[in-house]
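With the sequences and hints as input, model every part of the structure.
In our numbering, each residue's number is its place in the sequence shown (first place is 1) plus 1058.
Hints in this document: simulated from the structure, not taken from any laboratory.
There is no bait here: all hints are sound.
Derived SDA-like pairs: lysine to any residue, alpha-carbon spacing no greater than 25 Å straight-line:
(1) LYS1371 <-> ASN1306
(2) LYS1203 <-> ALA1181
(3) LYS1308 <-> ASP1328
Every value quoted in this text rests on a predicted model; they were computed, and no experiment measured them.
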Amino acid sequence: MKSLRKLLFPFALLYGAVTWIRNQFYNSGILSSRSYDLPVICVGNLNTGGTGKSPMIEYLLKLVSPKYRTAALSRGYKRSTRGFKLLRGNESAAEAGDEPLQFKRNFGNALVAVDADRRNGIAELLKQEPEVILLDDAFQHRKVKAGLNILLTSYGDLYTEDFMLPAGNLREPTVGAERADIIVVTKCPLKLTSEEQERIWHKLRLRNYQKLFFTGISYDENPRNADGEADWEELSTEGFCLVTGIANPKPLLEHLKGKDFNYTHRKFPDHHNFTERELNELKEENLILTTEKDYVRLKDELPPDKLFYLPIKVTFIKGKEEFDKNILDYIKEKEV
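Following this line, the structure appears as structure tokens:
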């Protein structure tokens, strides 16, 4: 792996130079970014995938949507449709993208839309008169200037310890983190010590205006299926197949590690579109446990009585109240 990185390093330097110049054009005003009168909150990362953007968007939807007419705008990665699409909730994952469809299923009162062109997506959403817009995975979309930028970085893969693509997983040089107002280290151990938090704080080299938070992943006590909450006993007694099509299934595997379960694991790439052959093979399984994102893709393809998922949520190590206050204060300031 190290030798391959060395071979790709010149290409990483070139890619990094191109993205740095692009950012400089936006910073200097040569390329224009559009800002908006209503609150626009961007959730993104510097690394490609696996930082927990979807759970954070759902956390924000849960926080904001009961108080404000809230819209979430995503790209709709790997969807079969193009352009702007406002979701009703009855679309397939192929039409809408798995994560946006999950948002709409869990927050039916929110406006959820997909559009690769974030500026066009916002223009279309404004016709629905939202009070707050959440941008999913839009940190590199400089044509839109969000009022509040939340940058995520995974505990096991800090952006300061990564390389530019294709030698590593960085989409842009680490100096891009300076655009963030809030930085969240995700997927931390829930018992992360204060000493470890301080060590990471020094590694990330935050600016004075930036705030740092640490979160982990918590799983619901029991799995769910189409009929509602299920019981682990059914899965553990009969045995099951764990199916994951996410960037990093390690936290889920660690969670299951402490339980005495008999299961096999079929791992697929992130946002995987299951082939007919793969679906037929899965239909032969006795019971299937998957992630909520994968459940959205599989629920219309597999028998509902054998398909289960385990919901996850963001858990703050500390500072939840401060984080919530930061979000709500920003929204109130934009109302004035």
